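Number of protein chains: 2
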Amino acid sequence: MTMKQYNVAIVGATGAVGEQIMNTLIKRKFPIATLKLLSSARSAGKIIYFQGQPIKVEEARPESFEGIEVAFFSAGGSVSKQLAEAAVNRGAIVIDNTSAFRMDHHVPLVVPEVNKEDLKNHNGIIANPNCSTIQMVVALKPLDQAFGLRKVIVSTYQAVSGAGHEAIEELQEQASRMLSNRPYEASVLPVKGEKKHFPIAFNAIPQIDVFQDNGFTFEEIKMINETKKIMHRTDLQVAATCVRLPIITGHSESVYIELDRNDLSVEEIKSQLLVASGVELKDDPSNQVYPTPLDAEGKDATFVGRIRKDLDQPNGFHLWIVSDNLLKGAALNSVQIAESMIELELI
Amino acid sequence: MTMKQYNVAIVGATGAVGEQIMNTLIKRKFPIATLKLLSSARSAGKIIYFQGQPIKVEEARPESFEGIEVAFFSAGGSVSKQLAEAAVNRGAIVIDNTSAFRMDHHVPLVVPEVNKEDLKNHNGIIANPNCSTIQMVVALKPLDQAFGLRKVIVSTYQAVSGAGHEAIEELQEQASRMLSNRPYEASVLPVKGEKKHFPIAFNAIPQIDVFQDNGFTFEEIKMINETKKIMHRTDLQVAATCVRLPIITGHSESVYIELDRNDLSVEEIKSQLLVASGVELKDDPSNQVYPTPLDAEGKDATFVGRIRKDLDQPNGFHLWIVSDNLLKGAALNSVQIAESMIELELI
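Chains as they are written, first to last, in UniProt numbering: chain C, 1 to 347; chain B, 1 to 347.
For reference, chain C alone in the conformation it holds in the complex (with noise of 0.2 Å):
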């Protein structure tokens, strides 16, 4: 029997995600019949090698999904909801890495450890969620299953690779500069296009996305909205404060949650996490192990540790929650996605 093999297509593939997605299909052997990189008409020309093969990139238009089968986007929201349905309509499932479809009742929002049945109600377009949220769902789904998960309050400490390879520059460039004492400029953090820019490295930047009227910026918002759909939870109480740090990839998070139990222990909920799919515990305080970005950096598993009790509420829990915000973030669980879409027979 031959495997059918794939007609793919990404869409963004000269940005950090993008490259990424291509380094996850070589090496998880996603069966790529032709392979066909898409970008903004700047980035068009490039040479990216694949296996061995140049390959230039093509500036992606309406007329670039002919015969394609899977399209993965991650080109920015404006991008997806340009050409999405375009490749849709000529016959391509869009696996989307934007926010741009991801609340759309007609789109599922998956994370396949959490949701893979969802993928059975796709109209075309499949959305992939925000990279915070991924790797926190990850973590929760299972105690969720066990005991009931009530309410979510999450920090993050967030990586500038998610903000993209401008963010990265910008980082080395003012960390660079600070470390020798010579003047430096912010032009990309906290977003692109706002009217101010601060500097991230030695920094600290409580605001990821752009601020919504009550107060909370559109990455809290993502995270909060996002964890509910995909968890099928609408009731869950989520609270999100996303904070931007110089760190150049893996994102962390701390976590209290309440469950709907009293009387559970810390070793309960580790041998719920230690059977997860997709989470690596890595709890051991007395020999100083836990999870930091710099470890997750590369990985794929969504790495958990500083798992404690609550010392008031019986049933709350604090957790610490890391993963590479480039893969489970985005690639891998795109990836993963289109994956899980051959194993439910959908392509």
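Read the hints as simulated data drawn from the structure, not as lab findings.
Every value quoted in this text rests on a predicted model; they were computed, and no experiment measured them.
One or more of the hints may lead you astray.
[What the hints assert, rightly or not] Distance condition first, Cα-Cα at most 16 Å in a straight line; then the derived EDC-like pairs of lysine to aspartate or glutamate:
| no. | chain 1 | residue 1 | chain 2 | residue 2 |
| --- | --- | --- | --- | --- |
| 1 | B | Lys299 | B | Glu280 |
| 2 | B | Lys309 | C | Asp260 |
| 3 | C | Lys151 | C | Asp260 |
| 4 | C | Lys151 | B | Asp312 |
| 5 | C | Lys228 | B | Asp312 |
| 6 | B | Lys196 | C | Asp284 |
| 7 | B | Lys151 | C | Asp310 |
Dock chain B against the given chain C, drawing on the hints supplied.
Chain B in isolation, oriented as in the chain C frame:
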């Protein structure tokens, strides 16, 4: 009328906090008759200039405190345990910046904006709280007073200068090496004497101070216990997760609180903080106004921003609290304690 002047000693004068204590005494024109700079044997002999005059740093011994009226201790808990009593026995008031006596029932633990009156119960030693505790209680006390505080859940974003000069140098050296792809080492953080060390540059370390049996670090336990003691609220629910980050100076805190009242608006919270002593409100999301540690460096205030009402919990609010950990978090608060002692005619 001539103002009384005092014979002052600084123990740990060559450390990151000791240096800031001297700077703060000068800046605030503390009435100094004589100044003695003390340190470990290792740093003794160093020359430090005080108002243009060279002072030779001497090794701290019991006899060093002969004639001293105010002694600032900032040389680690073991030095305080060893020498504070000797200083008190010689008539000095000890203002101790270590954790040695903070939870001692006979020792007031004071943040002047919060519990200045506790100074009246002193027995020679006054404890200066942990840096991350101070800035939090400065911001929370006015809310407790006005609306009744029930619960606090804090995640910290702490700068390396809280761990001293060595930690600052380690961060700078690692960052410089990582930026040029050179090999790097870690030997200071998270805790000097611990078995394992982790790089802090472009990383996040979820350990400050040593682990306790319950899985919390001692830094987290300090925040929990000290907050209750300073605010005279043994019943207050407090939970903390403390994280070290690649920031030179300035601690930030993501703080979730629950109040007694369900009917409060963000504006009512702001109106209390606007007039609160030691607090500077920096909160205008529509103009991207919020505090960052880089902005707070060198400033005396505790900055509060990102105030928003929780979307589920009617008595829940989120705040982002930032302050210079070497100033209000340490040196400034210590000097303010001494000033308050004068004001209350206790010295």
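Hint-by-hint comparison with the structure:
1. Lys299(B) / Glu280(B): 11 Å, holds
2. Lys309(B) / Asp260(C): Violated. Lys309(B) to Asp260(C) sits at ~24 Å, over the 16 Å cutoff.
3. Lys151(C) / Asp260(C): Roughly 9 Å separates the two Cα atoms, so the pair holds.
4. Lys151(C) / Asp312(B): It holds: about 10 Å lies between the C-alpha atoms, which stays within 16 Å.
5. Lys228(C) / Asp312(B): 13 Å, holds
6. Lys196(B) / Asp284(C): 13 Å, holds
7. Lys151(B) / Asp310(C): 12 Å, holds
In this structure, only the earlier hint numbered 2 is contradicted, and the remaining ones agree with it.
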